[in-house]
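Turn these sequences into a full structure, and let the hints guide you.
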Amino acid sequence: QIQLVQSGPELKKPGESVKISCKASGYTFTNYGMYWVKQAPGQGLQYMGWINTETGKPTYADDFKGRFVFFLETSASTAYLQINNLKNEDMATYFCARWFDYWGQGVMVTVSS
Amino acid sequence: DVVLTQTPPTLSATIGQSVSISCRSSQSLLDSDGDTYLNWLLQRPGQSPQLLIYSVSNLESGVPNRFSGSGSETDFTLKISGVEAEDLGVYYCMQATHAPLTFGSGTKLEIK
Chain A
217 QIQLVQSGPE
227 LKKPGESVKI
237 SCKASGYTFT
247 NYGMYWVKQA
257 PGQGLQYMGW
267 INTETGKPTY
277 ADDFKGRFVF
287 FLETSASTAY
297 LQINNLKNED
307 MATYFCARWF
317 DYWGQGVMVT
327 VSS
Chain B
895 DVVLTQTPPT
905 LSATIGQSVS
915 ISCRSSQSLL
925 DSDGDTYLNW
935 LLQRPGQSPQ
945 LLIYSVSNLE
955 SGVPNRFSGS
965 GSETDFTLKI
975 SGVEAEDLGV
985 YYCMQATHAP
995 LTFGSGTKLE
1005 IK
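Chain order of the listed sequences is A and B. The first sequence begins at 217 in our numbering and counts up by one. The second sequence begins at 895 in our numbering and counts up by one.
In case anyone wonders, no lab produced these hints; they're calculated from the structure. Any given hint might turn out to be false.
Said to hold, decoys possible - So the derived label-pair ranges between C-beta atoms look like this: (1) B:978 with A:233: 19 to 29 Å; (2) A:292 with B:966: 40 to 50 Å; (3) B:929 with A:329: 45 to 55 Å; (4) B:993 with A:270: 31 to 41 Å; (5) A:300 with B:909: 24 to 34 Å.
All values reported here derive from a predicted model rather than from experimental measurement. Note that beta-carbon positions come from the ideal geometry of N, C-alpha and C, so glycine has one too.
Structure representation (C-alpha cells):
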C-alpha cells in the first residue's frame, strides 16, 4: 500500500537548522511530484511548494524562498525539507503529500530558546 | 494569488442532517486544458488531511458517496448528504489551476 512516512518531532533553537524526511513506499517515487504544506498551531494549511521527483527541481511559494530547501534521495525514495536559520514563526507541523491524495503523518517542529 | 473564500467558517450539524460548504474563488478555476482543479480535503482532529473530491466532482477512491462536489468557474460546493459522526473536522477547498496552489481558510464541522 502507498505510504508516506515522515521523521519524528523536532525541538530546535532559533537560528538552528532542521531536516525533515518523507519516505515514500508502495509506488514509483519518480512518477509523482512531492508537495510540502505548513500548518501553524491552530491554523489552516499553507502551501510551501513542490519538488519534481524526476528532475530534482524544486519550486517554492513566495513565502518560502530563501531559508527553505527541498531535495531528494531518489535511491531511497525519500524527499527532504530543510529549514535553515529557524525563526519562531517556523514553529508548525510540516506535511509532505503526493499530489494531495496521500499525505505523510506530519512533523511537528518546535522552535524555542 | 488566487483567494479561496469558504463559508461558513463553522457549521454545526446533527447526525443525518445534510450540509453544504461553499468555496468561492477570486478567479475562474477553469484551466486551459478544460479541467477545473478544485479539490476538497477533510482534516479530522489530530490527523493529516485526506482528499475527498478532486476536479470539482470526482469522488476519491474509498470516500463514502454521501460526499459530493459541484460547481464551476468561481463557485463550488461540497455537500454531505447525511452527516455521520466521523465527518467532524475541518474541510478545506484547494485550487491547483493557478500557481501558486492555494487553500481556503477552512470550514469546521461540529456534530451537535
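Cross-check of the supplied hints:
Between residue 978 of chain B and residue 233 of chain A the C-beta distance comes to about 44 Å, which lies outside the given range of 19 to 29 Å. At about 42 Å, the beta-carbon gap between residue 292 of chain A and residue 966 of chain B stays in the expected band of 40 to 50 Å. Separation of residue 929 of chain B from residue 329 of chain A is about 48 Å and conforms to the stated range, judged on CB atoms against 45 to 55 Å. Restraint check, residue 993 of chain B to residue 270 of chain A: a C-beta distance of roughly 18 Å breaks the suggested window 31 to 41 Å.
Between residue 300 of chain A and residue 909 of chain B the C-beta distance comes to about 48 Å, which lies outside the given range of 24 to 34 Å.
Violation of the numbered hints given earlier is confined to hints 1, 4, 5; the remaining hints are satisfied by the structure.
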